[in-house]
Amino acid sequence: MNPQYKFVWLISGVIALLTLATAIGQILRLRVSSESAKPVVANLNARIYAWWAMVAIFVFAFIFGKVATIVLFALVSFLALREFITLTPTKLADHKALSVAFFVIIPVQYYLIGIEWYALFTIFIPVYAFLLLPSLSAIGEDTEHFLERTAKIQWAVFVTVFCISHAPALLLLKIPGYAGQDALLLFYLILVVQISDVLQYVFGKLFGKHKIAPVVSPSKTVEGFVGGAGSAIAVGGAMWWITPFSPLQSMGMAFIIVLMGFLGGLVLSAVKRSMGAKDWGSMISGHGGMLDRMDSVSFAAPIFFHLTRYFFAD
Amino acid sequence: MWLSYLLIGLVRLLVGAAPRFMAPLRTNARYIFFANHSSHIDTVALWSALPSEIRNRTRPVAARDYWGKTSLRRFVALKGLNAVLIDRIRKNPEDDPLEPLSEVLARGESLIIFPEGTRQAQALPGPFKSGLYHLACAFPDVELVPVYLENLHRSMPKGTAFPVPLICTVRFGPVLPRLSGESKESFLERAREAVKELA
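Note that the protein sequences, when read in sequence, are chains A and B. Using this note's numbering, read the first sequence as starting at 1 and increasing by one per residue. Using this note's numbering, read the second sequence as starting at 1001 and increasing by one per residue.
Keep in mind that the hints were calculated from the coordinates and are not lab data. A couple of the hints might just be wrong.
[Said to hold, decoys possible] Taking lysine-lysine pairs in the BS3-like style, the calculated list, with each CA pair at most 30 Å apart, reads:
1. A:Lys278 <-> B:Lys1196
2. A:Lys91 <-> A:Lys6
3. B:Lys1184 <-> B:Lys1196
4. A:Lys91 <-> B:Lys1091
5. B:Lys1158 <-> B:Lys1069
6. B:Lys1184 <-> B:Lys1158
7. B:Lys1079 <-> B:Lys1184
8. A:Lys91 <-> B:Lys1158
9. B:Lys1091 <-> A:Lys96
10. A:Lys91 <-> B:Lys1079
11. B:Lys1158 <-> B:Lys1129
12. A:Lys91 <-> A:Lys205
13. A:Lys152 <-> B:Lys1069
14. B:Lys1069 <-> A:Lys96
15. B:Lys1158 <-> A:Lys152
16. A:Lys96 <-> B:Lys1184
17. B:Lys1079 <-> B:Lys1091
18. A:Lys66 <-> A:Lys6
19. A:Lys38 <-> A:Lys205
[What the hints assert, rightly or not] Now the stretches of chain A that chain B is said to cover, found in silico as 3 or more residues with beta-carbon under 8 Å:
20. 57–63
21. 81–93
[What the hints assert, rightly or not] Partial chain A-side listing against chain B, Cβ under 10 Å, derived:
22. Val198
23. Tyr201
24. Gly276
25. Lys278
26. Gly289
Everything numeric in this text was worked out from a predicted model, so none of it was measured. Just so you know, even glycine gets a beta-carbon here, dropped at the ideal spot from N, CA and C.
Okay, chain A solo, but in the shape it has when bound (with noise of 0.2 Å):
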């Protein structure tokens, strides 16, 4: 099947299902009369209208092509990193540190993702980054809490950019046999991370008792995390018509991407939570932030891209 077929079966495949899950949400608003279960409903719905528009996005990225999703992951970024530093405290010493994160970081990460030049794109922040934000903050002449800040800086930047961007950088891998089809593992990725929260969410809902992290993420129960991962691994398995891999070797893909993204969910509910704030930000309707979305693929992201690197491209 060419990739133009594969691509027109899947997203058949996402807005069936959630044609699905919106009639759902719809025949639970008018079902659903208890006080206590409406607020849940409504924030389900919400979910649900925030997915439509993620797709719709994603298809416009697909449909014109690498340049576009690109430039789509920088906006994510930005955004995520917006949020991130609104919540941190930084002092005025930091400012050029910040402002030259925000904008000659992020649009070199991505340019040199453009450019394919893996090598450069690997090391571009662990190495440069890390060495130039620390030298503009000490410029500033404050030394008060300055290796906190500055461990800050460096973890924002580290997640919010080095680690998304990893997710469009699949689009620079060459695997053999596999040309031209690297948007379609990019949608893998997402599609198996995003089924995953939601299913968690929703299992955890209806059959969540014991709960796994209770300080840090009182929503994630084991019930919520058996049947979400369950549920995504087998999805992921199902897809691998769309990956390079076999049917096993695209659930064991799907298995790591669930676990990475369970442990980024719980890594940057921790974050967020010693920050003192609940939701990172307010940008999607019923999904708080944009980093509330995005942590699963942060920590998912840099570890799929890299195996599926090491196994499968040349």
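Chain B: place on chain A using the hints.
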């Protein structure tokens, strides 16, 4: 005008500038919005947070010594923001620096003013200058609305040329009540407290 939309688009990308209304605004009322002042983005942020039907009749007040200095700044202030320029430095003691503002209110339009007169380095507003009081006395039926601009002192503080993108919420407070026989000092302090309460 295209420049207005460009400025609004830029400021939304940069700082969001999403409004929160503690009390609803009426589209047919005349307002003086007064806010804390900590960056050059303040004016555009507050202006773009307003609902468009109110924004179209609202004019920000800008200092002539800064915004009138070069033709580019003048163009941005007058064409992009529909601003009213005032003199911070009074040349002739006879002149009334508030006259252009009174004209705007008399025409039935609203104003955005920053009563601190200059940008502050900190999150909370400093002492207010008396212009707000004189305008309030001259126009007793204009509604005075305190506004708090969050985070902008971090985004583009005085002395920096380049902004850092941070999410800024623009909080519109309830209309400041008028008290009869109140002295200038206590009115200005009460107005400042109203902005601080939104922080």
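Status of the hints after comparison with the structure:
1. A:Lys278 <-> B:Lys1196: holds (24 Å)
2. A:Lys91 <-> A:Lys6: violated (50 Å)
3. B:Lys1184 <-> B:Lys1196: holds (18 Å)
4. A:Lys91 <-> B:Lys1091: Not satisfied, since the Cα-Cα distance of roughly 38 Å exceeds 30 Å.
5. B:Lys1158 <-> B:Lys1069: holds (18 Å)
6. B:Lys1184 <-> B:Lys1158: Distance ~29 Å between Lys1184 of chain B and Lys1158 of chain B Cα, so the pair holds.
7. B:Lys1079 <-> B:Lys1184: violated (34 Å)
8. A:Lys91 <-> B:Lys1158: holds (13 Å)
9. B:Lys1091 <-> A:Lys96: Status violated; Cα separation ~38 Å.
10. A:Lys91 <-> B:Lys1079: Since the Cα atoms of Lys91 of chain A and Lys1079 of chain B sit roughly 34 Å apart, the hinted pair is violated (cutoff 30 Å).
11. B:Lys1158 <-> B:Lys1129: Answer holds: Lys1158 of chain B to Lys1129 of chain B is near 19 Å, not above 30 Å.
12. A:Lys91 <-> A:Lys205: This hinted pair is violated, its Cα atoms lying about 41 Å apart.
13. A:Lys152 <-> B:Lys1069: violated (39 Å)
14. B:Lys1069 <-> A:Lys96: Roughly 26 Å separates the two Cα atoms, so the pair holds.
15. B:Lys1158 <-> A:Lys152: Between Lys1158 of chain B and Lys152 of chain A the Cα gap is close to 24 Å, so the pair holds against 30 Å.
16. A:Lys96 <-> B:Lys1184: Distance of about 41 Å is beyond 30 Å: violated.
17. B:Lys1079 <-> B:Lys1091: holds (26 Å)
18. A:Lys66 <-> A:Lys6: Roughly 17 Å between the alpha carbons, so the hint for Lys66 of chain A and Lys6 of chain A holds.
19. A:Lys38 <-> A:Lys205: Since the Cα atoms of Lys38 of chain A and Lys205 of chain A sit roughly 13 Å apart, the hinted pair holds (cutoff 30 Å).
20. 57–63: violated (count 0)
21. 81–93: holds (count 7)
22. Val198: violated (25 Å)
23. Tyr201: Since chain B brings no Cβ nearer than about 25 Å to Tyr201 of chain A, farther than 10 Å, the hint is violated.
24. Gly276: At about 15 Å, which exceeds the 10 Å cut-off, the nearest Cβ of chain B leaves the hint on Gly276 of chain A violated.
25. Lys278: violated (15 Å)
26. Gly289: Hint holds; Gly289 of chain A Cβ to chain B Cβ min 8 Å, cut 10 Å.
The structure fails hints 2, 4, 7, 9, 10, 12, 13, 16, 20, 22, 23, 24 and 25 (numbered hints given earlier, in ascending order).
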